[in-house]
Structure formats: structure tokens, C-alpha cells
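Asks: Single-letter residue listing:
Protein chains: 2
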Amino acid sequence: MTDTRTVAVTLGERSYDILIGSQLLEQAGEEISRRFPGSKIAIVTDTNLADLHLPTLEQSLARAGVTSTSIIVAAGEVSKSFVSLQTVVDQLLTAKLERGDFCIALGGGVIGDLTGFAAAITRRGMGFIQMPTSLLAQVDSSVGGKTGINSHHGKNLVGAFYQPSLVLADIDTLDTLSQREFCAGYAEMVKYGLINQPDFFEWLEGNWKQVFAGGAARVQAIARACRSKAQVVARDEREAGERALLNLGHTFGHALEAATGYDNTRLVHGEGVAIGMVLAYEFSHRLGLCNDNSATRLVAHLQAVGLPTSLAQIPGGVGDIEGLMHHIAQDKKVNRGTLTFILVHGLGQALIARDIAAGDVRSFLIDKLGQIKS
Amino acid sequence: MTDTRTVAVTLGERSYDILIGSQLLEQAGEEISRRFPGSKIAIVTDTNLADLHLPTLEQSLARAGVTSTSIIVAAGEVSKSFVSLQTVVDQLLTAKLERGDFCIALGGGVIGDLTGFAAAITRRGMGFIQMPTSLLAQVDSSVGGKTGINSHHGKNLVGAFYQPSLVLADIDTLDTLSQREFCAGYAEMVKYGLINQPDFFEWLEGNWKQVFAGGAARVQAIARACRSKAQVVARDEREAGERALLNLGHTFGHALEAATGYDNTRLVHGEGVAIGMVLAYEFSHRLGLCNDNSATRLVAHLQAVGLPTSLAQIPGGVGDIEGLMHHIAQDKKVNRGTLTFILVHGLGQALIARDIAAGDVRSFLIDKLGQIKS
Chain S
25 MTDTRTVAVT
35 LGERSYDILI
45 GSQLLEQAGE
55 EISRRFPGSK
65 IAIVTDTNLA
75 DLHLPTLEQS
85 LARAGVTSTS
95 IIVAAGEVSK
105 SFVSLQTVVD
115 QLLTAKLERG
125 DFCIALGGGV
135 IGDLTGFAAA
145 ITRRGMGFIQ
155 MPTSLLAQVD
165 SSVGGKTGIN
175 SHHGKNLVGA
185 FYQPSLVLAD
195 IDTLDTLSQR
205 EFCAGYAEMV
215 KYGLINQPDF
225 FEWLEGNWKQ
235 VFAGGAARVQ
245 AIARACRSKA
255 QVVARDEREA
265 GERALLNLGH
275 TFGHALEAAT
285 GYDNTRLVHG
295 EGVAIGMVLA
305 YEFSHRLGLC
315 NDNSATRLVA
325 HLQAVGLPTS
335 LAQIPGGVGD
345 IEGLMHHIAQ
355 DKKVNRGTLT
365 FILVHGLGQA
375 LIARDIAAGD
385 VRSFLIDKLG
395 QIKS
Chain C
25 MTDTRTVAVT
35 LGERSYDILI
45 GSQLLEQAGE
55 EISRRFPGSK
65 IAIVTDTNLA
75 DLHLPTLEQS
85 LARAGVTSTS
95 IIVAAGEVSK
105 SFVSLQTVVD
115 QLLTAKLERG
125 DFCIALGGGV
135 IGDLTGFAAA
145 ITRRGMGFIQ
155 MPTSLLAQVD
165 SSVGGKTGIN
175 SHHGKNLVGA
185 FYQPSLVLAD
195 IDTLDTLSQR
205 EFCAGYAEMV
215 KYGLINQPDF
225 FEWLEGNWKQ
235 VFAGGAARVQ
245 AIARACRSKA
255 QVVARDEREA
265 GERALLNLGH
275 TFGHALEAAT
285 GYDNTRLVHG
295 EGVAIGMVLA
305 YEFSHRLGLC
315 NDNSATRLVA
325 HLQAVGLPTS
335 LAQIPGGVGD
345 IEGLMHHIAQ
355 DKKVNRGTLT
365 FILVHGLGQA
375 LIARDIAAGD
385 VRSFLIDKLG
395 QIKS
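Those protein sequence lines, which keep their order, are chains S and C. Each residue of the first sequence is one higher than the one before, counting from 25 in my numbering. Each residue of the second sequence is one higher than the one before, counting from 25 in my numbering.
Just chain S, same shape as in the assembly (with noise of 0.2 Å):
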């Protein structure tokens, strides 16, 4: 068993812990009842992690005497819908729980954003506590208080910024992750590297097998990437400016999930944000922002560990550039009609190219997808 590490999240009153660590889903009852004691709770889960993970968690609580009711909802991102968000909603309200009470989002993204969007508008807001399961909750989703849902015109377009309370990372639920699963997780972790830190890109090119293999070097990966977004969000807690830089690779990313149709056989979001970061510096290299030294060393970072990195790694390929330059037009970075892309001096040196003229990414992405053909 490795130490469990402590982050904290600086939000003035809304600040909160974030604990990263071994056996915290058998220790939740405990840290709960001390942080918060008398409070009820509710554990938001998906019919997946009921089987996996809820006995555990509904045993530590009750261990503790603390009082909770489960609520399940389906598998993956048909949860992120208004129909879940209403019946959540709904079994919250059911189970007389009040604003000092809190819900447990108990999985990955989809149930923290969904858990933490319900808990956001019910009673205008209850407690929330997040125990992230995927390694692509841990270090990104979980962390920084946006939730919502889908629409049929966008995936996150409905929703609020919302911070947890408490967040409880257990990196023991990641041995139960498949390997690219894993990976799409890393890919967001080696995002925070990319933005501002250079020397912790240094440390995954030379650790990420350990981080692989799991213990102390995985603790440490998470928390460095969990203490580098926390120090973004509190500076810019509603993406007012800097927080746009967490968004790099995710504007060519989301336009690759979409043209996908959202298909996981094909493409997971990770995945996407891993393609998306090296047409980012592509884009940057072509503009004359950086050299290709940096899109190199990337490629090969993320080729090692097992990420795809180019368009025609993705099966069935992303349609026409009519089709992505919709998705990308729809993004909801898109402000007053121009848009805006986090574009890159090198590695660790990210910044918010604001006014990007539309026809320079059009005749990028043609180049891009004459290359699949080629």
C-alpha cells in the first residue's frame, strides 16, 4: 500500500481536498463522517461499477454509520442525457435529501459530470463528493467543478460550474481498467506536461512505465496533474482566460469524437485529445509558432505508450472537412463568431490563440486527411 497524498483545490469557500491514494473507497465512510458529520448520502453509479465498486463503498459507510441510498444509472454517454439528469434529480429529491446532504458520483466522467450537474441544481445546490474510478476522471474530469450533460447539438453544452467538496481518487479502481482505457487517461495527464511543464513531460517520457505498472510513481503522476489543473482553476475558476489552456488538443479532439459519432469501438475521448494535441503542434509548427522538434518528441511520447496520433489511426476515418469544420464551428470555445485554439511555442509552452482565421484550419485539416488517403 502506498501513502496517500493530499491535494488541495484554493477556491476561497469553495476550496476542497483532493486525497489520492490506495484502499480510500474502504476508508470513504470514515473520511466522511469526520468531514462532514450527520450529513445522508446518495452514490451515483453506473450499472458497470454497481458490481465492481458500490459493495465496497456501501459497506465503508455503513461501517461508519453513515446513511446512503444507491442510485444506478446506465453505462457510458447515454447517461449525459436531460432524461438521467431528471430521473437522478428526481431519486434525490425521493430520498429527502437536503442542501447539506451530499451525492457521491461514484465512476468516471460521465457520472461526475451527471452526478455533479444533478447535485448542482437540485434544492440550488447540494453537497457533491467525487470518487473518480477511470484515470481519465482522476486527473481531469474530477478535478475543476465543470459538469452537465450532452445536447443533440454538442457533448457539454448544457451544464454548470460546480466544485465538489471532497474528492476521493482510489487508484486501486484503475487496476480494473482496461489498457486503453489506461492510455486515454495518460493522454490527458501528459496534456498538463504540454501546457506549462515542461519538466514533468521530461518525467513521463523517462517514468511512464511505472506509472503503467502502478504504486508510488502512479500516485505521484496523478497528483502532479491533479495539483497542475487545480492551480489553473483557481486562478481562472470559470474559464474566464487561462483555464482555456486545459483545452489543448480538445477543440480538433471534440471535432474527431464527432465525427466518429461519438463511437467508442472507434475512437474514446482520450484518444481523441491525444490525436487533437498533436495536430495542435502541427497546426503551431505550420503557423510558424514553434518548431517540429516539439511534434516529433510528442509523437514519439505518446506512439511509446500505446496512444494513436494521427487521423489514420482512426478506424473508418472522420469524413469530410465540411463535416469537421461544423464540429469545429459548434465547439463551444467559439466566441462571437471567431474562433479560438490553444496553440503552442514548444513543449510545456501552451497559449489561447484567439481570432484564428477559419481558412487556416480548413486547408490544415485538408492537408491532413490527404495524408490518410496518400
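Take the hints with a grain of salt, since some may be wrong.
Identical copies carry no separate label here, and so any pair may be met within one copy or between two of them.
[Claimed, not checked] No more than 27 Å apart at the CA atoms, straight line, and that leaves these computed lysine-lysine pairs for DSSO-like:
hint : residue 1 : residue 2
1    : 233       : 397
2    : 120       : 179
3    : 179       : 64
4    : 233       : 392
5    : 233       : 179
6    : 120       : 397
7    : 64        : 392
8    : 120       : 233
9    : 64        : 120
10   : 233       : 64
It should be emphasised that the hints constitute simulated quantities derived from the structure, not laboratory data.
Assemble the complex: chain S is given as a structure, and chain C must be docked to it using the hints.
Replies: Chain C alone, transformed into the frame defined by chain S:
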């Protein structure tokens, strides 16, 4: 035409102005284009108000060169639902409104609550302007940022604290209200006097006829009410403490509304609040918190303007004590199972009374129900 008054609501970076005056619908385009240049607008209104006021507002926006689209929902409480919320959000996204664009809520409390909530969750928060057209909305629901919809578990159980960027309260729109609707809004105005401003209550006792007649006294009274509410909200935006005082008369009032099935032919919200405030004064007297002179003066004033003051005046009755106690327990001001009531030491001297014994409430209401039958 009377002078326009401005009330500033001080909430840090969420501060905003409330403008109260004549012909503000006609001036809206100019005001909005000056304050928020380049923003697109979606007007949300209901089928009744679309006939009365929408053309005036649309023309005003068009004259000022502001692009707008209109979203029309069914009139009445039925629109404070998940279905209407999803419809409005979807239409905002279809209209390609972005974070920096604005929804205008053109209507009474229902439209304001629904539109504000839709603005709060669309793209995790877009701009929002209130244009309240009822007295109730002008003095209460358009100020303070409470937005939301109903659940079958109760009213306003789903929502967000979300502040508008501007409130334009055009008193001319009040000329289209029925006497009954105007009276209902007046009850909320009286409430501010009862909470902490005995001089305002006394002013209303002497000047209510001028307020009902319109013109400068009406603007003055609305501005005073808005300022009262704004001060409380500025000190306690998210109802951690003092803001609960604004619920004077509302725990009883909500229970009466629920007991009459939210049937507006029997009881409208402001009438429930009027009777609820009288009950709060009588209950306070019974608990030895205040003398009976306060309740007598309150009843006299409410009767003078034509508001109901007792359970006996509710057509069809309010059911039995079990039903009323159930509705009171479901009220969202319940905290960990104890009952919280807003009670009074006298006119203009309200207090938050926590840990009120349910038995005391029950026996008080049993006596009140007995008075109907006798």
C-alpha cells in the same frame, strides 16, 4: 411619464443595475446595445405576453440594431418543468447563442425563473436580462438570482442561483394586470416593511392608494422594495443565513398553495404569502414573541387593499392538518429534519427561528382549521 430610478445590486463581479420606470420596453434596445455591444438576444416569453409586449420589445431591439430571436412557451406554472427547460435550452443552442450573448426573460415569475435557469445551464452560463412584467416579479422574483423549475416533489426544488446582468422593470406593463394580480404582488412589497423596515410599512399604510394608481408613488415603492431585497441578497447571496428572512410568510404560504393544488382560481402565490404572513404574526404571538397589535395592524392593511388574511377566505378549503404538515415538512427550508420558520418580534422585526417544534406548528394550525368550521 415618470423618472426612471436605478437600484444597484452589489455582488462583486456579479453586480448589476435594476432600472424602474416608464417606457423601458421601448428603450430596451438602446439600453442593451449601449451596455452589451455586439451581443445577440433571445427573448423568452409566454403566449399571453407575446401578444401584449413582444412586438414592442422586438421593434426596440431592431431599431437599435440588436439581432434577436423569440422563444414562446405556454403561459402559467406548467412551464416551470423539465420539459420546458429542455425546450428553451435547445432553442438557445439552435439559435447559436454563445456565452457572451443574452436571454431576456419577458414576463412574470414563471418566465423569469425558467429563463434564468435556462441561461444558467446553457454553455454552463450565458448572459441573462430580466424584464419583469408583473408586480410580483418586479419586487421579488426578478431580484436576487433565484431561478428554477418545479418537481412533482414540490415547487422550485430544482434550480440555480444565477444573477441577471440587468433588470428593466417597466411599470407600464403593470397596467395590463388584473386587480387581483396587482394585489398579489403588493403582498410581497408589504413583506419588506414587515421584515426590517417599519417606516416603509407605515408609508404603505398611508400611500397604498397612490401606489395602486400608478406613477411616481408606484416607482418609488417598487424601487424601495427592490433596494430592500438587494441589500439582503448582497449580504447573503446563497441563503446561508439572513436571506432566509425573505421567506417571511412563505413556509405557510407554500403549504397553502400546495394544499389548494396550485389552482390559481383558488389561491395565487401572493395571496398565499398574505395569509402566510398573517399566520407568521399570529404564530409569533402565540409563542410569546410579539404582541397581538402587530397582527391586527397587518390584517387591517391587507384587508384595506383587498388581500385575503385568513384560511376561511380560501375557496374550497385547505384540507386537513396531515396534508398541511406534510407540505410544511417538504418545504426546502427544512434542515436536517428540524423546522425553520421566519417569525417576528413586531412590525419590521423579523427573525430566523430554527428548531421550531413540529408539535407547536401542528396545534396552532389545528386551531386555525377549527376557526374555519366554527
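Asks: Work down the list of hints and note, for each, if the structure agrees.
Replies: Hint by hint, here is what the structure shows:
1. 233 - 397: Neither: 34 Å inside a copy, 80 Å across copies.
2. 120 - 179: Intra 31 Å, inter 14 Å, cutoff 27 Å: inter-copy only.
3. 179 - 64: between (31 Å within a copy, 22 Å between copies)
4. 233 - 392: Result: close neither inside a copy nor across copies, 31 Å intra and 74 Å inter.
5. 233 - 179: neither (33 Å within a copy, 54 Å between copies)
6. 120 - 397: neither (58 Å within a copy, 34 Å between copies)
7. 64 - 392: neither (53 Å within a copy, 35 Å between copies)
8. 120 - 233: neither (47 Å within a copy, 45 Å between copies)
9. 64 - 120: within (9 Å within a copy, 40 Å between copies)
10. 233 - 64: Neither, since 41 Å and 51 Å both go past 27 Å.
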